[in-house]
Structures are given as structure tokens and as C-alpha cells.
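Q: Sequence:
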Amino acid sequence: MSDQDITESSPSGRIALHWQILIALALAVVVGLVADESTTIFGAALTEIFGFFGGLFINALKMIVVPLIVASIIMGVRNMAGRENFGRVGGKTVGFYVATGLLAVVTGLVFVNVINPGGGEAVKALSENMPDVSEQLERVEGRDAGDLVEVISRAIPDNVFAAAVNMELLALIFFSVVFGYFMARLKGAASDTLTNFWTGIHEVMIRITMWILRFAPYGVFALVGKALLTVPLITLVEALAWFTLTVLLALGTHFFVTFPVLLRFVGRIRPYAYYGRIMPAQLMAFSTASSSATLPVTLNSANRAGISEGTTSFVLPLGATVNMDGTALFECVVVIFIAQAFGADLTVVDQFLVVLLALLTSIGVAGIPAASLVAITLILTVLGLPLEAIGLYIAVDRILDMCRTSVNVTGDLTVTALVARTEGEELPLVRADEAGEEAAA
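One point on numbering: in this note's numbering, the residue at position 48 of the sequence shown is 56, and numbering is uninterrupted.
Hints in this document: simulated from the structure, not taken from any laboratory. Among the hints, a few may not be true.
Label-pair ranges, simulated between beta-carbon atoms [what the hints assert, rightly or not]: (1) Ile23 / Gly196: 45 to 51 Å; (2) Ala170 / Thr47: 27 to 33 Å; (3) Thr238 / Phe190: 45 to 51 Å; (4) Phe223 / Glu45: 39 to 45 Å.
Beta carbons: idealized from backbone N, C-alpha and C, even for Gly.
Between the sequences and the hints, there should be enough to build the whole structure, so can you do that?
A: Below is the structure:
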């Protein structure tokens, strides 16, 4: 059975993986409706049971991230380094990532200003009685704008093995690009030995990924089930309904409008047919709330869509580290929302600063634990707003994190398709009229 066969169907050959995940999501919603955080089974808390099995699944995905990223990028760069288009592909990748990130932040800015979610009386009351966020603030204690410089400096690791242990993905990407580039310059037996070694590592990691994916529906059920049991959405719906709606509308616009427009008119790809191919990655991102943990599934989904491994192995690992459209959009909405709740009148210059900082921090702090929390506290500090204000949204952060991670991963896959198409790759999802024009050309 091929790798694609495993992804397309279940072990019994009946139900495609994305349908299995959707069923798991639906069952998790049912559990969230009929049970709560105090529910027990055989004396054990249901949240602990879900946490145990969900943790096993997340650990399994994280287990393969480092070797998969290193092997994929080394082989991808090694195969591309001898071509004239290597620098062009890198430039396009970075350019598309910056462009989609900027579009995301501007989308969030428009929605938060039009809807004004922080102007309601319920939010004002909540801002006067904010929940205790001391635990969250401890996670970002001592952080400041200098962290952006620190993250950039860590892109060149002083110890690549320590970077692997700490999952400093930006450092690993830099090392892998350099290693792959100079590996392509080798000749003779040394070149053959290294190529065979890294090819073998890559193929083994892909097979392990396919095996782990067989358990994806169970992991998704546990992860989403626990989230729905522990997030007190009902009690905060009045105060946070407009904020949640603003975030979801902005994310939805970027997901259902911006990306499809780019796919259709830049990549000349049928967007929703493409979404059908990459749905497993989108659902996995929603379930795990981690772009890095989703990377194995993202790589597989891009290959299912017909994009070459030479493109995916370079563009996607980079995107999982630096391209955070959903996160950048969310940061912008949160900061403006907090300013509205506290009656701070942000000028056009202030809001432009928020856009710029949201874009930069979504890239710069991606490798830091509690990345979005760190980024938001940095922006609040620059604007002079109280850090304790994160208590206004922290209760619904988990659910919104799942949504924005799905947008992050979709952004990675959109840019990958755009790079592939602008480099002349022929995908099976090209619009029929465009396919005819290309054939004639």
C-alpha cells in the first residue's frame, strides 16, 4: 500500500482519513455537550483520560518533527541547489509568506474596527473584574522587545544537537539548508553515501508518519474532547461573544476568501478542490493547535495535492516556523480589542504600529513557548496597555488557537501551491480552462 493510499483510506480501506477525523470531531462535540470537567469514568476524571491519550498522540507527532524537518530540508535543498531557480524559489517563498501575513493582519484590523467588540458594557464590566492571569504572566516574565533580536540570533545555532533537543526549528532549518547546499557540491563516493543516508532517513520518517496517522481520529477525539470539557465558554459568552465573532469572521475571511482568491488567480488552481486534498492537515491543525506537530500531515497533504517533494520539503518546514497568518491576525484583533475595552484611543499611527508588530512578532517569537502570548504582551508593552488585560480573552484562547492554527497551516499550503505553480509545476487541480491554455503554450 502506498503512502497516498494510507492517507486516502482507513486500514480497512473504507473511510478516508479526513472523514474519520470529522467523525471524531463530531463525537468530541457530543461529549462536550453531555459531560463537563467533573465527569468521571471508573473513578478517573474524563479530562485526565482525554489528556493522557491526547498527550500520547501529540508526543508521537512531535517525536518525528525534528528528523522529518532535517531530512526533508537537506534532501530538498540538495536536489534544488544545483538548479538555477534555487534563489528564485527562496525569494518567492519569503515574498508570499510576508504578503499573506500582511493581508491577514489588515483583515483583522478592518474587522476589529468595524465591529468594535471591546465597546460593550459586558466587556467593560469584565475589564473591571478580570480573572487572575498570574500563571500566564509568569510564562512571559522578563520578556521584552529584545526577544525578537534573541530569536533571530538563535537562527544560527552554536550547538545543532542542543537546538534539536530544544526543538528550535528556525536553527534547525538554517543548519539543514546550509548542509544540503554544500552536500550538493560534493562529488563521488562521499556524495552518494550522504545522499543514500538522508534519502533513507526521509523515507523511514514518512513511513512512521503514515503509521501514526492511523491513530489520528483517536488523538483528535481526545484533544478536542478535553478542550470542550475545560473551556468555560457558556459563562463568558455574553462578554466575549462579539470578540469571538470578530476573530472568527476575520479568520474565516482570510481562510475562505483571501487564500482561494490567491489560489485561483495567482496559482490558477481550483481552490476548494485543493482544500479537499489538504483537509487532513487543516483538521489536524485544528485538533492539535500546533503547526509544528501538524507538519508531517501537512507534507503528506501537499504531496497528495500533486506538489513535488522538491518544493514541499523546502517551503513547508520554513512555513511551519515563520508563517503564522492566523496568529498575526489574532494578535492584531486582541490588542485593538483590549485598547477598546480600556478606552484607549489609538491613532492611525498606533494602529499601523500594531499591524507592523503583529506581523513581525508572529514570525519572530514562533520558536518561543506560549508564542502568541509572548507576542501580545510585547505589543501591549509598546502601547502602554496593562499586561493583565490578557485576562479579557484568555478563557476562550484555546478554542480560538485551534482555529488560527488551521489558518496558519492553510497559509503554508497555499504558499506552497503558489510557489509550485509559478515554477511551472503541473498540478491535477489546475482550472480546466487554464490547463488548456498551458497545453497550447
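Q: Of the numbered hints stated previously, which ones are contradicted by the structure, given in increasing order?
A: 2 and 4
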